[in-house]
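Q: Based on the provided sequences and hints, a complete structural model is requested.
Here the protein sequences come in this chain order: A and B.
Each residue of the first sequence is one higher than the one before, starting from 121 at the first, in our numbering.
Each residue of the second sequence is one higher than the one before, starting from 121 at the first, in our numbering.
Think of the hints as simulated: they come from the structure by calculation, not from any bench.
Worth double-checking, as some hints may not be accurate.
What the hints assert, rightly or not - Keeping only pairs whose Cα atoms sit at most 27 Å apart, straight-line, the calculated DSSO-like set for lysine-lysine is:
| no. | chain 1 | residue 1 | chain 2 | residue 2 |
| --- | --- | --- | --- | --- |
| 1 | B | Lys449 | A | Lys227 |
| 2 | B | Lys242 | A | Lys126 |
| 3 | B | Lys187 | A | Lys227 |
| 4 | B | Lys188 | A | Lys127 |
Unchecked claim - Simulated coverage check for chain B against chain A, where a stretch passes if three residues somewhere in it have a Cβ under 8 Å from a Cβ of chain A:
| no. | segment |
| --- | --- |
| 5 | 128-139 |
| 6 | 154-168 |
| 7 | 258-271 |
Stated by the list, open to error - So these bits of chain B aren't anywhere near chain A, every CB distance computed over 12 Å:
| no. | residue |
| --- | --- |
| 8 | Ile304 |
| 9 | Asn313 |
| 10 | Ile342 |
| 11 | Val422 |
| 12 | Asn435 |
Even for Gly, the Cβ is constructed at its ideal location relative to N, Cα and C.
Protein chains: 2
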Amino acid sequence: MDKEKKKPLSSLGEFGLIKFIRDNNTHPQRYHQVHLDIGDDCFCFQSHKNSKYLVTTDILIENTHFKKQWATPEQIGQKAVEVNVSDIASMGNAKPLYAFISLGVPKNIEENYVKRLFKSIKKTCQKYCIHISGGDTVSSEYITISITVIGISDSNIITRSKAKNKDLICTTGTFGDSGAGLDILLKNKKKENLKQFEKNLIKRHLLPQAKITIANLISRNINITSMTDSSDGLFKSIELLTTDNKKGANINLNSIPISKDLQKFTNNNIQKIYNYALFGAEEFELVFTINPIDKIKLQKLVPSISYIGVVNNTNEVEYFENDQKRKIKYSGFKHF
Amino acid sequence: MDKEKKKPLSSLGEFGLIKFIRDNNTHPQRYHQVHLDIGDDCFCFQSHKNSKYLVTTDILIENTHFKKQWATPEQIGQKAVEVNVSDIASMGNAKPLYAFISLGVPKNIEENYVKRLFKSIKKTCQKYCIHISGGDTVSSEYITISITVIGISDSNIITRSKAKNKDLICTTGTFGDSGAGLDILLKNKKKENLKQFEKNLIKRHLLPQAKITIANLISRNINITSMTDSSDGLFKSIELLTTDNKKGANINLNSIPISKDLQKFTNNNIQKIYNYALFGAEEFELVFTINPIDKIKLQKLVPSISYIGVVNNTNEVEYFENDQKRKIKYSGFKHF
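A: Here it is in structure tokens:
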């Protein structure tokens, strides 16, 4: 029993901890007016008939999510806001409204560093017409940025769990760039020795862009059956849209959009490419499903969308390369 | 210029940083439906005519706000929720609804520690009928707890800035206990050597209670003209209710409610008592103002309320002891 109590958190793991929290959570009551409970990209409560508020929160901590020597305060501030906006984008036709910014910074940090960080947070909020509405400032050993964003939607929101048999799995952007960018940063190369494709991949890691314009466009015009962002990597996104919903999928690895930069970085090593594309996290692309009947309409609306697989009823995700089944095991980042 | 850029944050200070953030903040637009902007205990947006949502956020970081050797995970979790509920309470007739909990914990922390922490957060949320609606779990060097609470009010909310000339300044509870409790903890005495009054003072520091029941009761029955909680100490609360509003006040030091425990701890040293009472933070009592006409009604409703001073038009707070003016200089805790 005592031994049991002393187990480190890593034995439970990040997903185990999340499961523990969900299994032990409070139960909402009628007056809470919960429209979509904890577990999706956003929580959603309904204020009255046509107005739903979406809430998401993310915490970024120095040395876990970023290193000061890798990124400018402008880049750190921008990313902190973008990752929250990406969660709002994942709900479909939604608009972020308010941001609550809690900053923990070391006592001996330069005043100007903190000002630059805040100004960048503000600038990114302004880009999305978000009003900074509150927060907290405290001292801490490591820079800590906790942001909560509240958004609004006056139409149906798109959850993770409504994908249907035969739906097409679609994505924006390319995959694997952010993970490759992180690996380049981890090598601590001198800036002047970086090749252009390496610089591009680093930029993808440091400056992700929330896909809210596309999210709003497609959700207003197409019947999106489910959607999430690829913040934990494409593999995890596909799992969330299918197996959590007791569906499965066939994924065509050849269809996953890959950038020229990633091809150069991996010397076209297909194994490495798939690894980055499936497990490189913090990509913030949209991963969503549509009824195949809507494909032509979507192709016209956003020609750059990729179609990477099909939902089925098997409760299992299978990966295919040149029509050959390929075994893929989870190897993404875990906090614990 | 370069030297200017290298200034440490301490030269700006905590209140300077907050001022910088306010002066450089975004400007809300009509569609933001801001009812009460950043700067009060809560931010408030109006969803429709009779429904206002209140939002507050607080971040607690190990070694800044608590030490593991001083407090159990149960105590840390409880306090993290209570401090947010206290901000909702300060708005008057309001009810907390949703909590968003971001946890940063070290990789090597015991699984059981995190479970106990979360269970305590949950239990305290349940006490206030709050539904845990989202969050984030990440690894960090130090335990980090960032909580955002959304509440609702269907009546007028009470801000910090509506105190009028001749209003009475009122408080719940006693002051200075939490600050004294912190000082006892800082001495790292062995538990078995602690006297009962020391244990009581420590408890006041570790387990503050949000005064939401009283806040709801008085705001439903009395015309409260302004209100805040004493999270940054009584001195700061009085400043917020008066000078921020271009009012002043005369405060009668003899009327500030002091516990027997604090008297024992300070050996009745009046200088020490006032110092703890005015500058000991994290007390979470209500500090509010009423029209003197309402005093009798309030005395009947909540006999334990103290009346410590009177608002005036001087834009300055003056302190009196036995009718003698006393000079008081800010000496509270600053993060930077």
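Q: Determine for every hint whether it applies to the structure shown.
A: These are the hints, each one checked on the structure:
Pair hint lysine 449 (chain B) plus lysine 227 (chain A) holds up; C-alpha atoms about 23 Å apart against a cutoff of 27 Å. The suggested pairing of lysine 242 (chain B) with lysine 126 (chain A) holds, with an alpha-carbon distance near 22 Å, which does not exceed 27 Å. Of the supplied pair hints, the one linking lysine 187 (chain B) and lysine 227 (chain A) holds, its CA atoms being roughly 18 Å apart against a limit of 27 Å. For the hint pairing lysine 188 (chain B) with lysine 127 (chain A), the CA-to-CA distance comes to about 18 Å; that is within 27 Å, so the pair holds.
Interface restraint, the segment 128-139 of chain B with chain A: holds (8 residues with C-beta to C-beta distance below 8 Å; minimum three). Closer than 8 Å: that is the beta-carbon criterion, and the segment 154-168 of chain B has 8 residues meeting it against chain A, so the requirement of 3 holds. With 9 residues having a beta carbon nearer than 8 Å to a beta carbon of chain A, the segment 258-271 of chain B meets the requirement of three or more and the stated coverage holds. The beta carbon of isoleucine 304 (chain B) sits about 22 Å from the closest Cβ of chain A, which is more than 12 Å, so the claim that it is off the interface holds.
At the 12 Å boundary, the C-beta of asparagine 313 (chain B) stays outside the reach of chain A, the nearest C-beta of that chain being 28 Å off. Distance check for isoleucine 342 (chain B) against chain A: the nearest CB is about 25 Å away, which clears 12 Å, and the non-interface claim stands. A cut-off of 12 Å between C-beta atoms confirms that valine 422 (chain B) is not in contact with chain A; the least separation is 26 Å. With a cut of 12 Å on Cβ distances, asparagine 435 (chain B) stays outside the contact zone with chain A, its closest approach being about 26 Å.
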